[in-house]
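So the chains spell out like this:
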Amino acid sequence: MSNVAGKAYGMNVMTPLRWWTAIWQKVIFWVVVKTFPYFLKGLLTLSLIHYARWTIINRWSFPRLDKSQPKEKLTYSYMLFESNFNGSWDQYIDSFSFAIPSGLDMFWRWNIKYPKSIPLHDFYHYIRFNQVECDHYYNAYPLASANDVKSAQALYADLAAFADSSEALSDDAFAAAWQQFLADNQHSLGSMGTSPLMSTSNQLVQEHHHDDLQLAARQTQQEEA
Amino acid sequence: MTMDRALDLYDIQGNICKGYGRFGFPKARYFFLEFHQYAGARAFLQQLIPLITTAEPWSEKDHPDQSDKPQATTNIGFTYAGLSALGLPRRSLDGFPLEFRMGMKNRAGILGDEGPSDPANWDPVWQGEPVHAWLSVNGQSRQAVVDRYRQIEQLLQQSQGSVTIRPGHKGPQGSLQPWQDASAVYENGRVTPKEHFGYVDGIGNPYFAGCGNDPSRLPGRGKLTRDDGWQPLATGEFILGHIDEAREYPIAPEPHLLALNGTFMVYRKLHENVTTFNRYVDRLATDFDGSRELLMAKFSGRWPDNGAPLVLAPDDAAKAELDQQLAQLTAKAAAGDHTAATELRALKAKWIDFTYNKDRHGSRCPIGAHIRRANTRAALETEKDAFNTPSALDDRRRLLRRGLPYGGEDETPADDTEQGIIFMCIGASLERQFEFVQQQWINYSNDFHLGNDRDVLIGANNGQLTDKHIIQVNPKQGKAPFFCTHLPRMVETRGGDYFFLPGITALRMIAQGIIDPT
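Protein chains in written order, with the working numbering: chain S, 1 to 225; chain B, 1 to 518.
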């Protein structure tokens, strides 16, 4: 299974923490979010990101599917990082490392063997080593990036309002209002299309998928014949 | 800081640090080699090395005297197949980055080389097995180019078939040439910095630590600091074996001396559909509120005639005023007025030293304009102080451009004649720099919040309604933005590959067959 669906990439990273630093880290997360939201400004400005979430899982609180599943005795607590974003793995990690290196270091500082986000390739290896691949990944809008969705929502709301308010206008007033509507929404009018190719590996996966579909279609035809 | 550390310019090939065009070399010839036998090929290289032009300073000044520089230059680069044919050890070969090993053709999906740009449609020289080496000769005159070429041709003859030229470049009147000639475009017998659509091109190449350029050239070319100043980019962004912007050494092959002072280069023959371009502009200009020149400027971000950026002169009136100011200062400076000369220099500096900070809406320079895509100048930091530095997302995506136009000399440019740009760009990572810019910023717009819109001029557009460019307006003026829809394919890729440009020491070692990563 691939971590790619349409324009989106799904990333999960599990990194170990000592159990006592995990508790300390929870406090820090809380304080940062409550009191220093400007720490997160960089993260929010990286518009390729749908969302990013850091969760501390204490070593004694890993979920079990059922009571019959034996409890694991874990040495470490873990930090689960989840994110969905548009673009390739490299582009995402690069953007993090270039734009908000100190923010990243704050989040991962106490993780075992965290190398810091600069130099870049040590950070690359750390993330790759600890990444948990997606078993299943579904995207309801494969042609839309998060920016596309945000644009479409803004445009839809404005267009609905325009439709309501423009009904009684004279032709000239309508023309003027329409021009203003376009100007106000000029940043939400990008074209919709397929994702650029994330990698030549992903290209192969897509080709294999295409081949499988064709093979299945041929088999169905033969069976019908 | 590593900022001021001197580089060994005598060990670095000259085209890395100098755009020869700017130094008075308007003519060039590019040709491609095949190696058929190790020892003979290495012997050829040994004889070629004395002709290779290094980055040695030609003068204290930026524009040196005629006597201070050669009549012609020569530079060389190798494909992965070429290095393999020269007998480099497996371990060294495997250390090259994946995209270089794959070569440009196999990266077509990433680069948007589809439809008319599909590698199947490239010139014959690019069909079949990859070429092995790129040789370039730049000259102060066509004669100087031809003389140097003949000199190299003799060395090739002496190699007795160990090294041959791979022919097959489409040339004028349906001909096939053994080489690709390139030349600056001339108007009334004078060299211009224009390409065949009529734009002044090649303004504002990056400035990196140790490049040997005049420090007065730094503003607008380096990386932005928080106090709106400029610093040189790290050397390792452009030359291997030096620290880059991520404070590490770029990915490079072993041993260290093979990579040191070398770099990677993209060669791309970009055909310009001049008729299609002119027709499209003519048709659109009838509906556009402004001159034809302004419309062209809204595609590129610079005025076609003199390259003035739209952020400096956003409409026809402002451009007329700027032209007048320019003419007056030029006349005064020519008459020996030193104050005017200083003012003129300060004015011309604004061609390069600018950002889009006061043009967030794109009402001056459209957000999707070519120069705003290719060099984002901190515009991706949409919230002030959000990032580590203002240009954090740009500094590692910069390209040293080293191209020249071709064609247009023997026939009147149309779609089916041969003219365009030999696009060459240099950087320490083909994937992170050239491929990223080409894919994400030229052929896609998510970073600009413009969906799948593409670059007007070099994007892989196909004439569909949704192949479009938006010319934004100031929303307070009550006018609608202008939509350029049904964008046709203005530029087609006709060939190219990725090349490794070794340092002089590495070149000697390759020629002597002593590359040993043990």
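Any given hint might turn out to be false.
Stated by the list, open to error - Using C-beta positions, here's what the derived DEER-type ranges look like:
#1 PRO119/S with HIS486/B: 45 to 53 Å
#2 GLN37/B with PHE129/S: 42 to 50 Å
#3 VAL32/S with ASP282/B: 29 to 37 Å
#4 ALA216/S with ARG91/B: 37 to 45 Å
#5 HIS338/B with VAL33/S: 15 to 23 Å
#6 ASP118/B with LYS73/S: 38 to 46 Å
#7 PRO89/B with ARG128/S: 22 to 30 Å
#8 PHE29/S with LYS350/B: 40 to 48 Å
Claimed, not checked - Below 25 Å or equal to it, Euclidean Cα-Cα: the simulated DSS-like pairs (lysine-lysine) are:
#9 LYS150/S with LYS350/B
#10 LYS194/B with LYS150/S
#11 LYS34/S with LYS384/B
#12 LYS150/S with LYS105/B
#13 LYS41/S with LYS384/B
#14 LYS332/B with LYS348/B
#15 LYS194/B with LYS384/B
Stated by the list, open to error - Some but not every residue of chain S turned toward chain B, in silico, with C-beta under 7 Å:
#16 SER145
#17 GLY190
#18 PRO196
Don't read these hints as lab results, they were simulated from the structure.
Built from N, CA and C at the ideal position, the CB exists for glycine as well.
Hint check:
no.: 1; hint: PRO119/S with HIS486/B: 45 to 53 Å; in the structure: holds (46 Å)
no.: 2; hint: GLN37/B with PHE129/S: 42 to 50 Å; in the structure: holds (45 Å)
no.: 3; hint: VAL32/S with ASP282/B: 29 to 37 Å; in the structure: violated (57 Å)
no.: 4; hint: ALA216/S with ARG91/B: 37 to 45 Å; in the structure: holds (44 Å)
no.: 5; hint: HIS338/B with VAL33/S: 15 to 23 Å; in the structure: violated (59 Å)
no.: 6; hint: ASP118/B with LYS73/S: 38 to 46 Å; in the structure: violated (58 Å)
no.: 7; hint: PRO89/B with ARG128/S: 22 to 30 Å; in the structure: holds (27 Å)
no.: 8; hint: PHE29/S with LYS350/B: 40 to 48 Å; in the structure: holds (46 Å)
no.: 9; hint: LYS150/S with LYS350/B; in the structure: violated (36 Å)
no.: 10; hint: LYS194/B with LYS150/S; in the structure: violated (40 Å)
no.: 11; hint: LYS34/S with LYS384/B; in the structure: holds (21 Å)
no.: 12; hint: LYS150/S with LYS105/B; in the structure: violated (36 Å)
no.: 13; hint: LYS41/S with LYS384/B; in the structure: holds (9 Å)
no.: 14; hint: LYS332/B with LYS348/B; in the structure: holds (15 Å)
no.: 15; hint: LYS194/B with LYS384/B; in the structure: violated (36 Å)
no.: 16; hint: SER145; in the structure: holds (5 Å)
no.: 17; hint: GLY190; in the structure: holds (2 Å)
no.: 18; hint: PRO196; in the structure: holds (5 Å)
Comparing the model with each earlier hint shows violations of hints 3, 5, 6, 9, 10, 12 and 15; every other hint is respected.
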